[in-house]
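Participant: Chain by chain, the residues run as shown.
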Amino acid sequence: MKDRVPDGLRELLAQAAGAGQAAWHTLLKPGDRALLLAAVMLVAASYPLLWRGGVADRAIVKRDGQLVTELALNASRKYEVTGAIGTTVIEVQPGRARVVSDPGPRQYCVQQGWLTRANAVAICAPNHVTLQLAGGSGRNGGYDTLNY
Amino acid sequence: MAVMTPSTIELPVTADDYRIARYAAAAIALTVAEAALPSPLPGIKPGLANIIVLVVLARYGWRDAAWVSLLRVVAGSLVIGQFLAPGFFLALAGALASLAVLALAQHLPPRFFGPVSASVLAAFAHIGGQIALARAWLVPHDGVFYLLPLFATAALVFGTINGLVAARLLAAPAGLKAGS
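Residue numbers (this note's numbering), protein chains in the order written: chain A, 1 to 148; chain U, 1 to 180.
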C-alpha cells in the first residue's frame, strides 16, 4: 500500500513527520502578520457591505395587481385589506412584514412567515392580495422576486 | 524526404519533467483525497493541493509551480470524473487567477513575507477567479456575490492553514532534494 503513495507526497509526509517541533507562530514573518490582519479586516468588512443590499425598507400591498398601500418598515402596525373573499391582515414591524391572517383555504401566504429581504413576496392568491417588500438598493431592481 | 525516419518517437525526458511529475502526482493525490470530503457549500474546499504548489513555487520557481498547478487541475479532474464539467472550469479559473497572483507575490521581499502571505493571496485570487467565472457563465446574476463573504472567509482560513503547512515543510531542516 505504501508503494502506491506518489513519491513526492511520501517525501512530503516523511518530511512533515520529521519536521521537528517548530512552533507555528515562528513561521509567520512580520509581513505575513500584517497581511493576515488586513485580510481579516477586509473579510469582516465584506459581510455588512455585501449583505446590506437586500434589506427592505417598505412593504407594498396590492390587490388584483393594483397598489393598495405602501407601509414603511420602521414602525409596528397592522393593516387590513379587503380582498375577493375576505379580509387579509398584514403586520409590519421594523425591518419585516408578514401576513397574519387570510381567508384563503391553504394559508400559504400566512405560513410563509416574516418576510425580511427586499423583493420577497407573499401571495394570497384566493383573496387576490399580495405583500411585497421593497428595498432602497436598486441592484436587483430588475427582478420581480428573489428567493434565498 | 529521401531519408526514412524511424517510426519511434522519442520525447526526451529531463530531470525537470520527473520532478514536476512527482510533485504533480502528490498534488493530484491530495485533490482526490479532498474530493471525498463533504463540503457545506459547493466551492468551499481546503485546497490542500495548493500546499504542494506553494512548496514548488518556493523551491523551484513560478514556472514549475504553474506546471504542477495546471497538471493538478487537468489530471485531478480526469481522476474524479469532472473533466470539462463546470467544476473543472471553475477549478481552472481559480488556478489561473492564483498563479497570476503568485507571479506577483513571489516578488514580495522574502525578509517580511513568507509562504503564508503567498497562500492567502493565492486563495483570495482563487475564489476571485472562480466567482468571476461563475458570475459570467454559470450564474449570470449578481446573487452569486452574496456568497462572497463566505468564500472569502473560507479562503482566509484555508489559505492561512495551507500556508502554515507549506512554511513548515519548507522550514524542515532535512530539505527536499530534487530527485532524491
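Some hints could be false.
[What the hints assert, rightly or not] So, partial list: chain U residues that the calculated Cβ filter (under 10 Å) puts toward chain A:
#1 25
#2 86
#3 116
#4 147
[As the list claims (entries may be wrong)] Per label pair, the in silico range of CB-to-CB distance:
#5 A:41 / U:10: 53 to 63 Å
#6 U:40 / A:7: 26 to 36 Å
#7 U:107 / A:74: 27 to 37 Å
#8 A:86 / U:38: 24 to 34 Å
#9 U:86 / A:48: 52 to 62 Å
Simulated from the structure, these hints should not be mistaken for lab results.
Because the structure is a prediction, the values reported are computed rather than measured.
Where a beta carbon is used, it is the ideal one built from N, C-alpha and C, also for glycine.
Participant: Could you run down the list of hints and mark each one as holding or not?
Facilitator: Hints versus structure:
1. Against a cut-off of 10 Å between C-beta atoms, the interface hint on residue 25 of chain U holds, since the closest Cβ of chain A lies about 3 Å away.
2. With 10 Å as the threshold, the beta carbon of residue 86 of chain U stays out of range of chain A, its nearest partner Cβ sitting at about 21 Å, so the hint is violated.
3. For residue 116 of chain U, the suggested interface contact is upheld, since its CB lies about 4 Å from the closest CB of chain A, less than 10 Å.
4. Taking 10 Å as the C-beta cut-off, the interface hint given for residue 147 of chain U holds, the closest approach to chain A being about 9 Å.
5. For the pair residue 41 of chain A and residue 10 of chain U, the beta carbons lie near 56 Å from each other, so the given range of 53 to 63 Å is met.
6. Separated by about 34 Å at the C-beta atoms, residue 40 of chain U and residue 7 of chain A satisfy the suggested range of 26 to 36 Å.
7. Restraint check, residue 107 of chain U to residue 74 of chain A: a C-beta distance of roughly 52 Å breaks the suggested window 27 to 37 Å.
8. Between residue 86 of chain A and residue 38 of chain U, the C-beta spacing of about 48 Å breaks the proposed range 24 to 34 Å.
9. For residue 86 of chain U and residue 48 of chain A, the Cβ-Cβ distance of about 30 Å falls outside the hinted range of 52 to 62 Å, so the restraint is violated.
In summary, the numbered hints that this structure violates are 2, 7, 8 and 9.
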